[in-house]
Every structure is written in structure tokens, then in C-alpha cells.
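Chain order of the listed sequences is A and B.
Each residue of the first sequence is one higher than the one before, counting from 1 in the working numbering.
Each residue of the second sequence is one higher than the one before, counting from 1001 in the working numbering.
Hints are supplied without guarantee of correctness; some may be wrong.
[What the hints assert, rightly or not] Straight-line C-alpha distance at most 25 Å; calculated DSS-like pairs for lysine-lysine:
| id | chain 1 | residue 1 | chain 2 | residue 2 |
| --- | --- | --- | --- | --- |
| 1 | A | LYS111 | A | LYS314 |
| 2 | B | LYS1021 | B | LYS1054 |
| 3 | B | LYS1054 | B | LYS1015 |
| 4 | A | LYS404 | A | LYS461 |
| 5 | B | LYS1015 | A | LYS404 |
| 6 | B | LYS1015 | B | LYS1072 |
| 7 | B | LYS1054 | B | LYS1072 |
| 8 | A | LYS404 | B | LYS1054 |
| 9 | B | LYS1054 | A | LYS406 |
| 10 | B | LYS1108 | A | LYS400 |
| 11 | A | LYS461 | A | LYS400 |
| 12 | B | LYS1015 | A | LYS406 |
| 13 | B | LYS1054 | B | LYS1080 |
| 14 | A | LYS107 | A | LYS309 |
| 15 | B | LYS1128 | B | LYS1113 |
| 16 | B | LYS1080 | B | LYS1007 |
| 17 | B | LYS1080 | A | LYS402 |
| 18 | A | LYS287 | A | LYS461 |
| 19 | A | LYS402 | B | LYS1015 |
| 20 | B | LYS1054 | A | LYS400 |
| 21 | B | LYS1054 | A | LYS402 |
| 22 | A | LYS406 | A | LYS287 |
| 23 | B | LYS1007 | B | LYS1072 |
| 24 | A | LYS400 | B | LYS1080 |
| 25 | A | LYS400 | B | LYS1015 |
| 26 | B | LYS1216 | B | LYS1239 |
The hints are simulated quantities; they were obtained by calculation from the structure and are not laboratory data.
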Amino acid sequence: MRYMFHKIFHTSKGMGDKHFGLDQSLFILSLVILLVTVLIPMVMIVYSTFFQDNVFDWQLFPRVVLAPENLSAIVNTVRISFMVTVFGTLLGLFYAWLIGRSDIPMKGVMKALFTIPYMFPPFFGAMAWSLLLSPRSGYLNKLFMQITGNTTSLLNINSIAGIVFVETCYYFPFVFLQVVSALERMDPTLEESARIAGAGQWYVIRRITMPLVLPAIAAGAMLILISSLSHFGVPAILGFSNNIFTLPTKIYQLISRSAGSFQGIREGAALSILLVVVVVAALYLQKLVLKTGHYDIIKGKSMRPMLIKLRGAKIPLLTISLISLFVIVVVPLFMILAVGFLKAYGLPLRWENLTLRNYQYILGQSKMVRDSIFNSLFLSISSGVITMFLGVMIAYVVIKVKPKGKGLLEILSLLPYSIPGIVLAIGVILVWSGAFVLNLYNTIWIILIAYIARYVSFAMKSASASLEQVHYSLEEAARSCGATHLESLRDITLPLIRPGMIAGFFLIFLPAMRELTTSVLLYGPFTRTLGVAIYAINAEGNTVQASALATVAILIIVLGNLALRFITKERKALQ
Amino acid sequence: MPIVTIKDVTVRYGKNVVIDKLSLQVERGENLAIVGPSSCGKTTLMRALCGFIKVNEGEITLQGTVVSSAAKRVLVPPEKRNIGVVFQDYAVWPHLTVIENIMYPLKKRRVPKEEMRSRAYNALAQVKMKEFAERLPSQLSGGQQQRVALARALVSSSDLIVLDEPITNLDAKLREEMAYEIRNLQRTMGVTVIYITHDQETAMTISDRMVIMDRKGYIRQIGTPEEIWNHPQDQDVYKFIGVSNFLPVHRNGDTLALVTTGIPQTLPLGTLSVDLTTTDRMLLASRPMDIRLVPVVNEDALGLIGEVERVTYLGNQFDYIVNVSGHQMRVQQDSLDAFREGVPVEGSRCGLVFRNPTLYPAV
Chain A
1 MRYMFHKIFH
11 TSKGMGDKHF
21 GLDQSLFILS
31 LVILLVTVLI
41 PMVMIVYSTF
51 FQDNVFDWQL
61 FPRVVLAPEN
71 LSAIVNTVRI
81 SFMVTVFGTL
91 LGLFYAWLIG
101 RSDIPMKGVM
111 KALFTIPYMF
121 PPFFGAMAWS
131 LLLSPRSGYL
141 NKLFMQITGN
151 TTSLLNINSI
161 AGIVFVETCY
171 YFPFVFLQVV
181 SALERMDPTL
191 EESARIAGAG
201 QWYVIRRITM
211 PLVLPAIAAG
221 AMLILISSLS
231 HFGVPAILGF
241 SNNIFTLPTK
251 IYQLISRSAG
261 SFQGIREGAA
271 LSILLVVVVV
281 AALYLQKLVL
291 KTGHYDIIKG
301 KSMRPMLIKL
311 RGAKIPLLTI
321 SLISLFVIVV
331 VPLFMILAVG
341 FLKAYGLPLR
351 WENLTLRNYQ
361 YILGQSKMVR
371 DSIFNSLFLS
381 ISSGVITMFL
391 GVMIAYVVIK
401 VKPKGKGLLE
411 ILSLLPYSIP
421 GIVLAIGVIL
431 VWSGAFVLNL
441 YNTIWIILIA
451 YIARYVSFAM
461 KSASASLEQV
471 HYSLEEAARS
481 CGATHLESLR
491 DITLPLIRPG
501 MIAGFFLIFL
511 PAMRELTTSV
521 LLYGPFTRTL
531 GVAIYAINAE
541 GNTVQASALA
551 TVAILIIVLG
561 NLALRFITKE
571 RKALQ
Chain B
1001 MPIVTIKDVT
1011 VRYGKNVVID
1021 KLSLQVERGE
1031 NLAIVGPSSC
1041 GKTTLMRALC
1051 GFIKVNEGEI
1061 TLQGTVVSSA
1071 AKRVLVPPEK
1081 RNIGVVFQDY
1091 AVWPHLTVIE
1101 NIMYPLKKRR
1111 VPKEEMRSRA
1121 YNALAQVKMK
1131 EFAERLPSQL
1141 SGGQQQRVAL
1151 ARALVSSSDL
1161 IVLDEPITNL
1171 DAKLREEMAY
1181 EIRNLQRTMG
1191 VTVIYITHDQ
1201 ETAMTISDRM
1211 VIMDRKGYIR
1221 QIGTPEEIWN
1231 HPQDQDVYKF
1241 IGVSNFLPVH
1251 RNGDTLALVT
1261 TGIPQTLPLG
1271 TLSVDLTTTD
1281 RMLLASRPMD
1291 IRLVPVVNED
1301 ALGLIGEVER
1311 VTYLGNQFDY
1321 IVNVSGHQMR
1331 VQQDSLDAFR
1341 EGVPVEGSRC
1351 GLVFRNPTLY
1361 PAV
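Okay, chain A solo, but in the shape it has when bound (with noise of 0.2 Å):
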């Protein structure tokens, strides 16, 4: 195959041929990848939203956004992500300056309990709240109302400010994990110099260090805002009963009111377009921010900083702390345990009441959840396996090929990052239905082709973390000892990233296994999705089946996590 090469750019490039072959191959194969999953389908939502067969017709565009109910579901999302994004940060920013600046005991507990959130899929959250606040059946409101005697519930989980208390449970961890680290990274001198200079603690916090965190809590604050942006599940399971539209939640019922016909894609191609607008001007305010307050004095080596005495704030900070992380974490995850056991949903949580009944019935007799959970097991293997070998490809073309084009590649590969799910699911619908030689509707293979897409930006920057660690010496070394440039790659540097590359196929395979915003939108009678068929079933009012489900994905996810770390701690061992 090598000599193959040699010809082929023997003729095209002359010089250096021999050496750049197996590069300029690994370039184009990268290209034509990136263009076929990311780019086409992109291209072809704008298309088809312009074109009506081969027709421009511009006037879809401006009636589908225009449309009143499309327009509430406009001002709906930004009003959600923007207050997502304000709890969410305040939140974050909370806890980051407890466990990072002050003398707070349990520390490490607390640090344990908000990496949970980031496990689980946010629409489990959203799930176990309704079991507690929906309006008539949930626990709390009833207990409210036996209490009181009232008629009305306490709370209304169905509505705007419900949807934005989940969405602010899962994503406040963004916040929190950026500052903490900046914090930790910080240099404590700047600090202390201020105290010694006279400042007061109050002071210093205001004047030295939230400007040095800036640049990191705007990072998480922006992460916020584009993951609540393009967040399907908690407003699907939240707000559908009231009529509560986002733009993603939208986009799906326009699609699946439909049944699937070319006008409701295209409908749902133009509010697509819209969306990414959106998305796409919330990072370029990242960008204004992110450049306005960059600071080199965050360091990369730890230090240790001096602490702030809470004194008699630290009981009740302390309580606060662990009363609102028992709320966001432990609460949720236990009714779902809770609820997967019960005989039916609204009886008390009492021992009789408990069965196995539902696990036998999803895990033995109901063919559709096994079907589901095998697609989800092959779906996130193969595409962890895919995805991770296709980052390392792209990462190798652009840290050390360094072609002409490697800047077109980056923003490639990245691009899936700032695309929601639902988006690039239509596109995946548009150029795999049919337009092009195939037609792949309804087969795994169109769920596979759209994970691959929505992944490719994570392995990406997995497999570039380790490739950066291998000097190039290592691979020219073996080129000089004979080995040829496919057998160094294959003897030296994949042995090398290894590590790398199975912690990258980890960080695919967990959040594929809970996948739900693109399948939902790609699924076909046998090829529902875990997340899909735990939606599916909720959505049909079985919400102890659901939660049984439910647990059962929350086990795999736990086990895919541990094997996740155990392999991280094992590399790190190794340095």
C-alpha cells in the first residue's frame, strides 16, 4: 500500500514524497470524514430549508421562525438558559470558593458527590423530580397536601422555573470543576501580598481574586449556556404536558408530529438553523469574554493556598452545603432506585409495596427494552471504538503532520461541540435518508453515523492530550532503526497513547450509553436507544418500569465510570 502512495504524490508533489505519503493519505482520509459526518449535514439543513426540490424558496425560513408557537419556544429557551446560567454559576461559584479558599471540613466527600451530576444524564433528573413535584401524583405534593388538607400541590415541577432548577442541579458542576481548578492553580502570594499590603479579606476576594477566576468561571458560565441552549431531555419530559416548548423540544415535535415527512423536516431544519445562530453567538461571547481578562498568572503547578477561617460560619456553611448537595444528588438517584422497585407509581414507600416484577419485565419479557439496551451496548462500543480511532487519526494529521490544511480540519473536528444533538440529528436525517446512493433510515447504522459526529470533537481532544506527550523523537527513532512510517506509528505510538486512547473510548462509550437527544429523533422500530426506550416508556406513564430502566442504565453507567478511573490510576501510576 506504502508503494501505492509513493506513486500516487511521487507524481503530484515531487519531492518529499516518499517521507509524506502515509501523512498526506491520513490528511485526505481525516478530510473526507470530517466533510461526510460533520459538514454535509450541516450544509444540507441550510440547503433543504432554502430549497424545495431543487427550487429556492426563501420564504419557509421567515414564516417557520416567525410563527408565533415557534416564537414562544424562542424566548422560552433563552429565558431558561439564561437563568440556568445565573443559578448555575452562582452555584458553582458557591461551592468552588468553599472547597478551594476556605477551611471547610469534608471536602473530599463534597468533591465525590459533584462528580455524580456528571454521570447521569440530566433527563433522569428530570424524571425523578416529577416523581416528587409533579402536580397531583408526586410524593411531596401529596404529602403537602394530606398535611394541610390543601387542594392545590406546593409546587409545580411542569413549568419554566422547574425545568430551570433541574437543568441548574446538572450543570452547575461546569462552573464549579473550572473555578476549583483555577483556584488550586492559582498563585497564593497575590493573595497574601494583598492581606500583607493592608486589604481586607473581603477585599481581597473582590479585587484580587474573582478577577484572577474570571476568565475560568466565564468558561463554565458559557458551558452552561450552550449545553442548557441545546438541552433536549428535561424540557421534553418537563414541559410537554404544559405546553412548554424549547427550541430543541420544538424542533422534535415538529419532526415527529409529522411522521416524518420532508415539510416537517423542513421546518424543523429551519428552527435547526436558528438554533445554531443562537448557540453559535452565545461562543463568540465566550470568545469577547474569554479575551478580554486572560491572565498567566494561573499556573500550572499546585500550591498550597492559604485559607480563609469560616469561624462561626462554618457549622451552618457546612450544613448548607451538605443539606443542598443531599437535594441535587442523592435525592434524585434514590427515588429512582426507590421508585423502580415499587408495584405501581403513587403507592407509599413502604416494604409491601416492593416487587421485582418491574426488572423482570424489562430485563426478561419485554423484547423492545432488551433490543434497547443491546443497540445502546453495540452503539456506544462501536462508536467508541470508531470515534477514538478517528480522533487519533486527526490528531495525529494536526499536531504532528501539521499539513497546509490542518486549521480547516481543527474547526472540523470541533465543530460538533457547538452543534446540538437534535441539529445534528436532522442533518444526519438529510443526507442518509436517501439523498445520497444510501438510505439508512430506521437501520443502526444512521444512529452510528451520528455518534460518530457528535463524539468526534471529544476523542479529538483526548487523543491530542496524549499525542502532545510523545516527542517526535520517539517515532523518527524508529524510522532510523528500520521501521517504516506505518510500523513506527503501529510500534511506537499507538503502544504509547494506549492509555490515552482507552480513557478517550471511555469518555464515548459513557455518554453514548445514555444518549437520548440525537437517537430520539433517528430511532426506528428495532433500533431504540437506552435513553430512547427509558423516554418511551416514561412518556407512556410506566414510570416504574422507566425507573427500573432507569437503574439499570445508572449501574452500567457506574460500572463504565469505575473502569474509567481504575485505567486513569493505573496510567498514572505508570509515569
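Take the given structure of chain A and dock chain B to it, following the hints.
Here is chain B on its own, set in the frame of chain A:
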């Protein structure tokens, strides 16, 4: 026939010319050191020779075969050049044991298993690392990893080995030891060694022939260490290869007059060869060890007189700063001699006698 012939080679990175029309021949079995300040293009030269980068102009011939040529559109890949390389950062593969590292080049050349093992262990014995065969590189010190890299290069090629700044990362004692070993290996095995370094001292001790490169990537001088030390081509080479003093002078009849704003002084031409037609300014170059301090007998006699400004005891020698009519000179003296002749006192005046100084035109 030379083993390596580099002819008019130019290498550019974009518009930046790193090597400009460089020509060099390496004889079979010799130990050649390429010396130059950092970023003078010597590593680029090595990478072009090994085939990691192409040449923009010129030609490189290895054992009679053209391996890199801009005009002929030839670029033989690194794996077909049969050069053993020891990289600056050793490039010992961290996921393979020491012996696996060394066996790798043999595996790639499809050497039978039995022979592979025995040759690898042989090379390991040559660098005195036999007992570390099953270790992982992370369990070795820098010096030991260096030896592994050297052994790997030795099994990789029995003809030509290129070492890029190999021992500069080691401490002084290990460096000396390693330099000796490389020299020894080269003599017993007859392999050609190209040794790239910015450290002219090690290059002197290790090589048969030295190539002095300057910051712009030009070759300034090629010669044996003795030739280079005794007859540096120009002022820059003189300065590059050791601590040096330069006194500005101009010819005045049969004497050289010191250029100074202070007390005028002259010294005899002696054995110095001077172009008698010129009255241009020149530089009198000397090494600290080649200047002798003598008591002043006659203030008016020919010869330079200076004031001892600083005396530093360095153990095996004394280091003096002597002010000669406003010019500061470094002078060094063997401690034993100093004690025998009496150590000059700071502030005292003494005469300076030069042992084989060199004159360069002043630029």
C-alpha cells in the same frame, strides 16, 4: 571513498534559510565532531542527513548512493539509510524494556531470533548495561538511558552513527566517562561517528576532526582538534573554542603598539608573522594559560606591563584579571608554579609574556 558526502546543501524552513550551500565530507571510520553555537543549524543538518527532512538544494550521498537530492527528486526514507541515531533526548521507548529497545532495529531488519538476542546482549555489554536488560527506561537514570540509546544505535548500524548533543545533559563526571567510552567504541568497532554538539571541549576530547559552524549555518573551519586549537582560522573560531583575550594593536615599525587611551605600550613582534605592508588595526589573541606574569625589571623595556586587579584561587590554578592600559586580560597560572614563583598581590604591577599569540585583522 568518503562514507558521507554533503554537497551544496541548502535547507529552508519557509523563508528562513537554516543551512546555506553547505558542503562536507565524512571519511569512513573517522570520528567527526560538528560544533557550533545553539541554533546554528547543526541539528537541521543531522535531520537532513538522516532523512527526516528534505533538502531544498544540493545533494547528500551515503556510501556512494544519493539519498537526498533536490535536483534528482530523491529522498530515501530514514529507514533505508542505515544510520544509527542517538537523539538529544535519547528517545528510548518508554513502553519497551531495555533489551526490547535494543532488539527493535534487528527485528525490523528481520535478523533471526537467536542472533538478535546475542547481538543485542553484546551491544548492551559494550555499554556496560547488561544487568539492566529487563528494566523499563523509567527505572533508569539519564546516563543509563543514554547508554541504552547508544547501544541501540550500535546494533542499528555498524557503519555510521550520528549522536545529537548526546552527553551535554549529563553531569561533568559522567560526561567525561561517556566521551571516553564513545571514543573507545569507535576505535574498537571501526564505526564512523558523527558527533553533534555545542560543547567544544568534549568535541576536542572525542573527535579526530572537528567542523566549526557559526550562527548563520556556515562552516568556518575544518581540522583536527590540534589544528583548530593551535591555528584558529579567524577571531570567531578562536573565541568559540576557548576563553580568550583580544588586545587591539597596530604595527609600528618592528613593534606592535597597543591601541589605548591610557599609558602607551609596545611589544616586540618576535616570531609573529605580520603583513608588513599594512598599518591596519589588528587583534592580538591569546589564551589565559599562555600568558606568563613576570616581575617588572625595567619599566621602559619592550613588553606589556599591567596591574593585577583580582586574584582568584581555583584549586589547581590561579585566575587573574590584569589591567593593561585599560584593557582587562584573563590570565591563568598553574597553582604549583604560582606557589613556586610567588603569587602576585592584587594591585601590584607585573610584566606579561605571551606564548605563541596569534594576530587577526580587526573587524
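A quick look at each hint next to the structure:
Our distance criterion of 25 Å between C-alpha atoms is met by LYS111(A) and LYS314(A), whose separation comes to about 17 Å. About 14 Å separates the Cα atoms of LYS1021(B) and LYS1054(B), which keeps this hinted pair within 25 Å; it holds. Restraint check for LYS1054(B) and LYS1015(B): satisfied, since their Cα atoms lie roughly 15 Å apart, inside the 25 Å limit. With a C-alpha separation of about 20 Å, the suggested pairing of LYS404(A) with LYS461(A) holds against the 25 Å cut-off.
The straight-line distance between the Cα atoms of LYS1015(B) and LYS404(A) is roughly 16 Å, inside the 25 Å bound, and the hint therefore holds. For a cut-off of 25 Å, the pair hint linking LYS1015(B) to LYS1072(B) stands: about 22 Å separates their Cα positions. For the hint pairing LYS1054(B) with LYS1072(B), the CA-to-CA distance comes to about 12 Å; that is within 25 Å, so the pair holds. Annotation: proposed proximity of LYS404(A) to LYS1054(B) holds, straight-line Cα distance about 17 Å (limit 25 Å).
A hinted pair counts as satisfied when its Cα atoms are at most 25 Å apart, and LYS1054(B) with LYS406(A) qualifies at roughly 21 Å. A distance of roughly 23 Å separates the Cα atoms of LYS1108(B) and LYS400(A); the hinted pair therefore holds under the 25 Å criterion. In summary, the hint linking LYS461(A) to LYS400(A) is supported, as the alpha carbons are separated by about 14 Å, within the 25 Å threshold. Distance check on the hinted pair: LYS1015(B) and LYS406(A) sit about 20 Å apart at the alpha-carbon level, within 25 Å; holds.
The suggested pairing of LYS1054(B) with LYS1080(B) holds, with an alpha-carbon distance near 15 Å, which does not exceed 25 Å. Annotation: proposed proximity of LYS107(A) to LYS309(A) holds, straight-line Cα distance about 14 Å (limit 25 Å). Taking the CA atoms of LYS1128(B) and LYS1113(B), the gap is near 22 Å; set against the 25 Å cutoff, the hint holds. As the CA atoms of LYS1080(B) and LYS1007(B) are separated by approximately 20 Å, the hinted pair is consistent with the 25 Å bound.
With a C-alpha separation of about 24 Å, the suggested pair LYS1080(B) and LYS402(A) falls inside the 25 Å cut-off, and the hint holds. Among the hinted pairs, LYS287(A) with LYS461(A) is consistent with the structure: their alpha-carbon atoms are about 19 Å apart, no more than 25 Å. For a cut-off of 25 Å, the pair hint linking LYS402(A) to LYS1015(B) stands: about 17 Å separates their Cα positions. Distance check on the hinted pair: LYS1054(B) and LYS400(A) sit about 17 Å apart at the alpha-carbon level, within 25 Å; holds.
For the given pair, LYS1054(B) sits about 16 Å from LYS402(A) by alpha-carbon distance, which is consistent with the 25 Å threshold. With a C-alpha separation of about 21 Å, the suggested pairing of LYS406(A) with LYS287(A) holds against the 25 Å cut-off. As the CA atoms of LYS1007(B) and LYS1072(B) are separated by approximately 13 Å, the hinted pair is consistent with the 25 Å bound. With a C-alpha separation of about 22 Å, the suggested pairing of LYS400(A) with LYS1080(B) holds against the 25 Å cut-off.
Simply put, LYS400(A) and LYS1015(B) have alpha-carbon atoms about 21 Å apart, close enough for the 25 Å limit, and the pair holds. Our distance criterion of 25 Å between C-alpha atoms is met by LYS1216(B) and LYS1239(B), whose separation comes to about 16 Å.
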